[in-house]
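Undergrad: If you're matching them up, the sequences are chains A and B in order.
Oh and the first sequence: position 83 is 98 in the working numbering, straight run, nothing missing.
Oh and the second sequence: position 37 is 38 in the working numbering, straight run, nothing missing.
For the record, the hints were derived by calculation from the structure and aren't laboratory data.
Predicted model, so just to flag it, every value in this text is computed and none were measured.
Wrong hints could be hidden among the right ones.
Estimated spans, in silico, between C-beta atoms of each pair [to be verified]:
id: 1; chain 1: B; residue 1: P237; chain 2: A; residue 2: N47; range: 42 to 52 Å
id: 2; chain 1: B; residue 1: P302; chain 2: A; residue 2: L41; range: 41 to 51 Å
id: 3; chain 1: A; residue 1: R78; chain 2: B; residue 2: A417; range: 43 to 53 Å
id: 4; chain 1: B; residue 1: N100; chain 2: A; residue 2: G85; range: 48 to 58 Å
id: 5; chain 1: B; residue 1: L341; chain 2: A; residue 2: E100; range: 20 to 30 Å
id: 6; chain 1: A; residue 1: P106; chain 2: B; residue 2: D244; range: 52 to 62 Å
id: 7; chain 1: A; residue 1: R44; chain 2: B; residue 2: G413; range: 18 to 28 Å
id: 8; chain 1: A; residue 1: R98; chain 2: B; residue 2: S368; range: 32 to 42 Å
Backbone N, C-alpha and C fix where the C-beta goes; we use that ideal spot for every residue, glycine too.
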Amino acid sequence: MALTREEVLHVATLARLSLEPDEVELFTRQLNDILAYVEKLQELDTADVTPMAHAVPVFNAFREDKVKPGLPREEALDNAPAREEGSFVVPRVI
Amino acid sequence: MTDALYSLSISELAPLLARREVSPVEVTERILDRIQEMDGQLNSYLTVDVEGAKAQAKDAEARLGRGEATALTGIPLALKDVLTTKGLRTTCGSKILDNFVPLFDATVCAKLREAGAVFLGKVNMDEFAMGSSTENSAYGPTHNPWNRDYIPGGSSGGSAAAVAADLCAASLGSDTGGSIRQPASHCGVVGLKPTYGRVSRYGLVAYASSLDQIGPLTKEVRDAALLLNCIAGHDPKDSTSVDAAVPDYLEGLGREIKGLKIGVPREYFGPGLDPEVAGAVQAALKTLEGLGAELLEVSLPNTEYGVAVYYVVAVAEASSNLARYDGVKYGVRQEGRNLLEMYAATRTRWFGPEVRRRIMLGTYALSAGYYDAYYRKASQVRALIRGDFDRAFTQCDLLATPVSPTPAFRLGEKMADPLTMYLSDIFTISANLAGIPGISVPCGFSAGGLPIGLQLMGPPFGEAALLQAAYAFEEATEFHRRKPGL
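Next up, chain B with everything else stripped away, as it sits in the complex (with noise of 0.2 Å):
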């Protein structure tokens, strides 16, 4: 039992620690352990706090034995190094923030906090999150559990690759093109990006604020559900979060889902899928009719154009919200002989390449006399897209769709070419875009032997019915419980 206690997920963990069976403290150490034999191999984490996760777990030892548990007493998670912790250094993968010790929680840490979690440590990313394979991490990229030699996804790779390799019980990670759903479906985990405003976004550092939104990477679909209870709701500190009740998440699950109208795009299964995904997610469909959905054929009819208005809103966004690294208030600073040498200095030494370019890419985008033809324009755009999924769900309650053409590809093998990365983002950016929430789940394997995803979308606010499908999908199946010979 002690030997596999760093396998479990949240929902099994939990009533252990509830009935005392077995201790935080024995089960952190047991993770912190296997992070320091395996995570060499993975790079998954950036930072490990060793002695705060210690801390916390004799500190949830202690809440347990006064029998004031509350919903993740003792559980270990790992967070992207996106999201600020108070005292605990945050990267956001770049070297610009190599020194950053953030002065406050996002709201998403102090709400786990409040519910007992302990923190692991942070998990490597694409540098600023601006990456489909965690490759653009200035501290080296992350490896996927099921072959060392792939990519594990991104942004959110370092968090997906943790929760395949048993390296944490669950995490949180961030997406703003499909850096949850992307990297939790080439490493076989679940991920779930929710309603854009579903989750406060104060502490999650910027790169495109009208497309970023946080969400868990799970074992399990349970999990996925549990961590949203905790983690969704307004915050005056996030004025983008909405003002909407919380579902009990956990609510819908277990409840069949016969009768559910789910709407099959044809735009994602055209010619640039590859046939093992097509196959994997054509059984998947076939495996939720099975359990009594009803599939229907819908159209979304703008979803080519939905990468080319990412590539212009999403680096708009981001070249105005990363001007704030200029060397003076946080960060590195590289001197310059005078003010704006400094700046450029300090941006040019300690900004990635892809971060440079999509930077560039953004300030061009919205320089005198290009902003209609691209910002305006793409803005219009997003308008149709958003449009595409308001029509389609007036006809059925989810759609279901692959998560990445493809699965994971070679380490280095797109480095090279940054469209044909960007292209490899198509299934999931449109989401972004309208706003709506999305969850990949596992469907299936390469004959190589690398994991596939199958994406629910659902309409905004609509993420109890998705998670409800989800864990039908997945009770139905085995490939969740499947894992990595590490």
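Isolated chain A, as found in the complex (with noise of 0.2 Å):
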């Protein structure tokens, strides 16, 4: 299951990464390295096994729905790199 250079590409196009020409061949290479050792899961039979995706059984962990002083508006954006009228300011998207 080896990754190509466009699989790379396309990849760090999903985790919004830009590569430059030289990173992709080293990451082609690293992560094809990484996805080899990992093949070494398939020697286990796991068709039975339930996934644990947690450590410890913990479900539904509630509390008292009550009202809280929430984070003041000013403080939410005292470390936005832009700021404007209370607002977090983006590059234009439309």
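Using the hints, put the two chains back together into the complex; each one sits in its own frame.
TA: Structure (structure tokens):
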């Protein structure tokens, strides 16, 4: 299941990353090395094994539905790279 | 006395402070001076909060004066830069958070403040906790205090180096695949990864949420118990924290371990194990036996699959968790002609290579058509690994193993080959996958003078027994007393 150059570029797009040409080669090789190692998992028969997503069985952690003060708008914007009139500013989308 | 103030553990310092034989201001200033003098050689701190620490120390002094001392009043600590601290820059070792000043304290930080601790600053780490050597920090690597040409381990390398070099009394780190235990082992200090859910992760910058856990790195086992007492417990702000009673972890310390059944998994003593590490761990097993523990060989047959499972599960979770760094709400932005280009420019420019590699790997593993082959398969093998531990703990109380297959390696040695670096975590990763607690305690030195650690692992919520055995071992040995010659 070796990754091609094109697949690496596609994955980069999905991950919102862009790669330099020399990085495409490097990442293709390194990701293939790692994936080849991960192939090891196919040695095991897991047909009847329930996948484990979490270490501790905690289900439906409910809390009381109480009104509490939220984060003040100005504070929430404190770390924003760009802000204006109480909003986050991003490049034009439309 | 005053000269050695910086070298004291929490347990040594606390009574002196309580009896007012030393002042917290004096202790804090002495350590701040030492950081100023020594840390240029080690690069363990990313941010030293000189003014904040002095103010907290003054406050501690006032409280001691009023007779209001609590567990950690006036104790100077260093925090891994993955824990949010209100008003104090938190970078996670990444340029993408270079200017990030959190709006709230992580629950563990709030609890330590409540207990009276003084925060000296934030310590170095692999970017977003991804790494085993602290070389992936965007702020330069930390050096091992025992030999500055060597890595301190990672990702909590700044914590381990700062504790070993007496640049703090103790530190908190985080452990996703060994990131507390492995650096503790490489720097000759104690490192405890609690059971998943034992400590709140609220305010811990997420790497792999089903594996991450916060824990202490300390100069002695008693300090680890003390810090766990302060930070353990259910937190409504972390839905994965477990609502189970927190025992007093100090209580069992000093009790004998006669009759304790310690399993020795044969898979951890294979051909890849460095002979010096094997020798030190075998000697440690003899010591435990001499203390009355009963050793028995056990098997954890799926051990060899741990690293493969980890590099699917952890990277899949990371690719999702790190989607939030998009240059909009916080962190650094790189401008682009439109929104999509801005996202990609920001993430490409300000994430380091290892972070981008893991995001790519995780994105691929979760992408359409590959989910079953990678994520689902890995999650099934993860269940098998947990099953191995469940079976082992029907035969024994604890497990004893090496922490890392080798002592610390040289800076730069494994940077060109990510897979070799990943394989160095083979003995620590399984505990995270299974969610069980593990501790590293100093158990020897290589001929080259580098520390070696013994790992003890226990069943879920078995921290008390773990600490009790680690304490008994520490009492019977001298390794933890040795200091690096800086």
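Undergrad: Does the hinted range 48 to 58 Å hold for N100 (chain B) and G85 (chain A) at CB?
TA: violated, 24 Å
Undergrad: Between P106 (chain A) and D244 (chain B), does the beta-carbon spacing fit 52 to 62 Å?
TA: violated, 45 Å
Undergrad: Taking 43 to 53 Å as the hint, is the beta-carbon distance of R78 (chain A) and A417 (chain B) inside that range?
TA: This hint holds: roughly 48 Å between Cβ atoms.
Undergrad: Does the Cβ pair P237 (chain B), N47 (chain A) satisfy 42 to 52 Å?
TA: With Cβ atoms ~44 Å apart, the hint holds.
Undergrad: Given a hint of 20 to 30 Å, does the C-beta separation of L341 (chain B) and E100 (chain A) actually sit inside it?
TA: holds, 24 Å
Undergrad: Against the range 32 to 42 Å, how does the distance between the Cβ atoms of R98 (chain A) and S368 (chain B) compare: consistent or not?
TA: holds, 34 Å
Undergrad: Starting from the hint 41 to 51 Å, judge whether the C-beta atoms of P302 (chain B) and L41 (chain A) obey it.
TA: violated, 35 Å
Undergrad: For the pair R44 (chain A) and G413 (chain B), does the Cβ-Cβ distance stay inside 18 to 28 Å?
TA: Check passed, 20 Å falls within 18 to 28 Å.
In summary, the structure is inconsistent with hints 2, 4, 6 from the numbered list given earlier, while agreeing with the others.
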